[in-house]
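Visitor: Sequence:
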Amino acid sequence: MLNPITMVDITAAELHAAEKIFGDRLELAKRYVEHLATSGTERGLIGPREVPRLWSRHVLNCAVIESVIAHGSHVADVGSGAGLPGLCLAIARPDLELTLIEPLERRVIWLQEVVDDLGLDNVTVMRTRAELAVGNVEADVVTARAVSALTNLAGLTIPLLGGHGEVVAIKGRSAGEEIDKAAKTIRKLGGEDTSVLTVGDNLLEEPTTVVRIVVNKSQKKS
2 MLNPITMVDI
12 TAAELHAAEK
22 IFGDRLELAK
32 RYVEHLATSG
42 TERGLIGPRE
52 VPRLWSRHVL
62 NCAVIESVIA
72 HGSHVADVGS
82 GAGLPGLCLA
92 IARPDLELTL
102 IEPLERRVIW
112 LQEVVDDLGL
122 DNVTVMRTRA
132 ELAVGNVEAD
142 VVTARAVSAL
152 TNLAGLTIPL
162 LGGHGEVVAI
172 KGRSAGEEID
182 KAAKTIRKLG
192 GEDTSVLTVG
202 DNLLEEPTTV
212 VRIVVNKSQK
222 KS
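In our numbering, the protein residues as written are 2 to 223.
Check each hint, because a few of them may be wrong.
Listed next, with one range per pair, are the computed distances between beta-carbon atoms [said to hold, decoys possible]: (1) Leu105 <-> Thr152: 18 to 26 Å; (2) Leu27 <-> Val69: 18 to 26 Å; (3) Gly48 <-> Glu207: 28 to 36 Å; (4) Ala14 <-> Arg174: 20 to 28 Å.
Quick list of in silico lysine to any residue cross-link-like pairs, SDA-like style, CA-CA up to 25 Å [stated by the list, open to error]: (5) Lys31 <-> Asp122; (6) Lys182 <-> Leu205; (7) Lys31 <-> Val109; (8) Lys218 <-> Val197.
Keep in mind that the hints were calculated from the coordinates and are not lab data. Beta carbons: idealized from backbone N, C-alpha and C, even for Gly.
Turn these sequences into a full structure, and let the hints guide you.
Guide: Given below as structure tokens:
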């Protein structure tokens, strides 16, 4: 099936998943995919070879994690890049407040253009590095995708929680191995429970693998 708005192939199964995740905001999701397929590729945020699988590999893969984020959360998306998963979450969940953290100017400009075009009033785009955002951003949930190995990512994400909250990082099949390597760092930063979740089992052909780190420094100290 060819999406009439984005001109990007979408299968019946993918369309069903998109309808379930985005609901009455599906048209916004389609417009976002159009941005990814056009200006996103022209300006180097998405590789041209990724266009045929924007829905399956990127947008749905990211958006499905909305199911593990509590209502009304402030979410900081580290290394937001092309808005994956930050913009996907902002579209799927208007109840969330999103802060997209991205250090590269050209990506920040593109993200702001997309936010303005889609009229997403629950999104703030910040040009900064994650470690410099500590103290300026205090999130309930921090998300990341394809940013860094967990040994490094833990130090970039956990401090943004201000001592309490969750990291929800999209990972691949090596998630368990990454947790083992990062366990000491995670504990030092206040992580009290780290687990691997699969999300979207009933919607996606390939469910999304997520590493969830629960942080509660105050409880840890007591």
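Visitor: Next, verify each hint and record whether it holds.
Guide: Verification of the supplied hints:
no., hint, in the structure
1, Leu105 <-> Thr152: 18 to 26 Å, "holds, 23 Å"
2, Leu27 <-> Val69: 18 to 26 Å, "holds, 21 Å"
3, Gly48 <-> Glu207: 28 to 36 Å, "violated, 19 Å"
4, Ala14 <-> Arg174: 20 to 28 Å, "holds, 22 Å"
5, Lys31 <-> Asp122, "holds, 18 Å"
6, Lys182 <-> Leu205, "violated, 29 Å"
7, Lys31 <-> Val109, "holds, 21 Å"
8, Lys218 <-> Val197, "holds, 21 Å"
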